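J.: Chain order of the listed sequences is F and Z.
Under the numbering used here, the very last position in the first sequence is 357; numbers go up by exactly one each time.
Under the numbering used here, the very last position in the second sequence is 357; numbers go up by exactly one each time.
It should be emphasised that the hints constitute simulated quantities derived from the structure, not laboratory data.
Any given hint might turn out to be false.
[Unchecked claim] Computed cross-link-like contacts, EDC-like style, restricted to lysine to aspartate or glutamate with a CA-CA straight-line distance of at most 16 angstroms:
no., chain 1, residue 1, chain 2, residue 2
1, F, 351, Z, 148
2, Z, 82, F, 151
3, Z, 351, F, 354
[Unchecked claim] Covered stretches of chain F (chain Z as the covering partner; in silico rule of three or more C-beta atoms under 8 angstroms from a C-beta of chain Z):
no., stretch
4, 34 to 48
5, 87 to 94
6, 323 to 330
Please read these numbers as outputs of a predicted model, since none were measured by experiment.
Note that the Cβ used here is the ideal one computed from N, Cα and C, for glycine as well.
Number of protein chains: 2
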Amino acid sequence: MVENRYVGWPGLLSAYREWLPVDNHTPQLSLHEGNTPLVYATKLSEMLENDVYLKLEGANPTGSFKDRGMVLAVAKAKEAGKDTVICASTGNTSASAAAFAARADMQAVILIPHGYVALGKLAQAVQYGARIVAIRGNFDEALAIVREIADGLGMAVVNSVNPYRLQGQQTAAFEICDALGTAPDALFIPVGNAGNISAYWMGFEAYAKAGKVLKTPNMFGFEAEGAAAIVRNQPVEHPETFATAIRIGKPASWDKAVHAAEASGGAIDFVTDDEIAQAYRLIAREGLFAEPASAASVAGLIKRHQHGLLGRGQTLVCVLTGNGLKDPDSAIRLAGDVTEVVDSDQHAVIKLLERRV
Amino acid sequence: MVENRYVGWPGLLSAYREWLPVDNHTPQLSLHEGNTPLVYATKLSEMLENDVYLKLEGANPTGSFKDRGMVLAVAKAKEAGKDTVICASTGNTSASAAAFAARADMQAVILIPHGYVALGKLAQAVQYGARIVAIRGNFDEALAIVREIADGLGMAVVNSVNPYRLQGQQTAAFEICDALGTAPDALFIPVGNAGNISAYWMGFEAYAKAGKVLKTPNMFGFEAEGAAAIVRNQPVEHPETFATAIRIGKPASWDKAVHAAEASGGAIDFVTDDEIAQAYRLIAREGLFAEPASAASVAGLIKRHQHGLLGRGQTLVCVLTGNGLKDPDSAIRLAGDVTEVVDSDQHAVIKLLERRV
């Protein structure tokens with residue numbers, strides 16, 4: 001049973017129905033995805049002399065932007081009569097696929113490379129009831145097998161090769177325009193598999209073409225230095241960064257991302273792990289907890305400021321792609337053990353606290 | 001600097017301004033807390049022959065319902081000229097206090113019992129920049145010290161003794177009524193420190209008194225069996241349950257909770273860890289991931305159904321108090337290692353998947 005009754009925000013397939021390939025035959029699937037906060041970053045705005053907003057995609061039901069595309073991909077699979085979705089994923093994609101499959105009364109199958117993924121990373125997929133298959137091979141082989149076997153088994157592939165994913169992800173651009181009443185002057189976004197920057201650009205272009213907004217933003221995408229395939233113009237065999245969600249050496253949407261940057265008057269650049277870590281802390285000073293990869297957008301914004309490329313008084317949006325609770329270990333690792341230990345005695349505690357840190 | 005610019009949902013202090021002790025002197029603090037989804041539970045509704053909605057409090061900015069009270073408590077502390085908030089907490093309260101303190105440009109001090117709390121549980125508080133002080137004593141001693149020293153140090157206590165906490169938490173009841181256009185017939189909610197059931201009841205009563213709704217719901221609160229102080233009518237010295245957020249043996253709002261249950265025609269009961277674990281899985285089948293303590297509400301709903309106490313055709317709301325990402329380990333522990341390992345070969349994978357599980 002996929003029927004739903006909605007209260008308040010109806011989810012993306014209803015809210016942006018006319019912009020998506022959805023009709024009366026499409027199941028009204030939703031976990032109330034989308035409608036994520038656009039938070040004014042008070043400290044960053046002051047520091048950079050621009051109005052900086054943070055788009056909190058970690059507020060989505062499974063904690064990442066993936067839900068925007070997955071709701072459409074799973075609904076269309078259901079519409080096509082499939083009862084199973086399949087993907088190769090070690091992270092956010094698996095969580096999202098499993099959640100929407102559960103909601104749609106479908107089975108999710110997740111292929112992972114054996115021995116590479118800590119089970120904790122799959123806690124969501126496991127909890128949502130996905131079937132987890134570990135192959136004795138690497139991630140690329142897992143993805144290849146998914147693509148080879150899905151049709152024969154009557155399963156829908158919901159990896160990024162599924163075109164509905166990017167179509168659904170466009171909605172984040174719609175929401176930003178709807179919230180601001182205009183398109184921002186520039187958008188800053190992490191680049192891993194490079195699909196999301198492409199989807200935002202599709203969304204901004206669609207809104208501009210329809211006259212909903214009068215301009216499109218400059219699109220600035222940021223890879224991690226150790227996984228900067230697009231910037232270096234060659235695939236990275238062994239990508240390295242602590243921002244695991246963008247640790248991708250061969251982006252699937254490479255050409256689309258380059259097009260988005262060029263056509264919009266933006267650019268794709270990289271940021272170092274140190275820059276990402278610093279941005280990660282600055283985001284927390286705004287009161288927000290995002291996963292490390294999310295901080296690449298803010299790191300890129302700051303990098304452009306430091307290089308004198310930013311200008312002033314503009315409306316800028318940084319996309320925070322995932323919830324910090326996806327990766328609490330990074331917070332602890334970067335901070336170190338900050339605990340101060342003291343006797344259980346009020347005078348001892350007072351003495352300690354009077355030494356302001 | 002606390003000034004904010006809001007886009008879309010303005011946060012609780014603005015949205016429910018006339019219902020809260022907020023005026024022009026109160027800082028407009030917000031992390032876009034509140035406005036959480038009320039999701040129709042398709043499978044539970046069918047199974048129980050009632051319209052069951054789940055209130056997803058894990059969608060709040062720090063991942064729990066605590067944000068509703070904390071935004072008000074921290075704003076009022078700032079309004080009173082304090083620059084530091086302090087609490088004893090090992091979990092959701094510390095995360096929320098630290099986040100709003102960061103947003104308000106204030107310091108947060110968190111007292112914990114030394115050696116008892118895994119640093120990972122404090123990842124959020126650490127990331128938001130809180131000062132973590134571990135005392136060589138137990139939690140009750142930490143709380144006692146907080147209450148003894150705060151005034152002298154000019155700090156605001158934001159533990160549950162702070163009356164603004166419950167006032168802020170009322171807003172969840174307002175949202176439910178606003179979304180449904182009426183009060184539900186009954187509300188099901190986990191009971192740990194017992195503040196939240198009290199706050200919901202305050203909220204429903206306030207709305208009814210003002211004529212915004214024509215009735216109030218029966219309030220059903222559920223403790224964990226191993227921490228069922230209220231049900232057994234005596235404090236539990238060593239509370240035990242895997243639902244850590246309600247592992248509390250001496251609820252601070254004990255009397256208020258009993259009053260809410262009695263005055264509303266409801267009850268306070270307990271559920272076993274097995275019942276909580278089963279409900280935790282049923283929630284996931286709806287496509288939702290809540291922390292284990294949240295599942296006590298659904299476990300209680302099912303218990304009443306099994307005892308023939310539920311009736312049919314009513315509008316019922318279960319509160320899911322926290323995000324499942326707060327405790328991924330429980331998901332893995334309860335499911336066990338479900339991974340199926342296979343060679344990296346499409347025929348092997350096909351053969352495996354054709355054996356439906």
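J.: Does each hint fit the structure? Answer for all of them.
T.: Checked hints:
1. 351(F) - 148(Z): 14 angstroms, holds
2. 82(Z) - 151(F): Violated, at roughly 63 angstroms.
3. 351(Z) - 354(F): Measuring from Cα to Cα gives roughly 67 angstroms; hence the hint is violated.
4. 34 to 48: holds (count 8)
5. 87 to 94: violated (count 0)
6. 323 to 330: holds (count 6)
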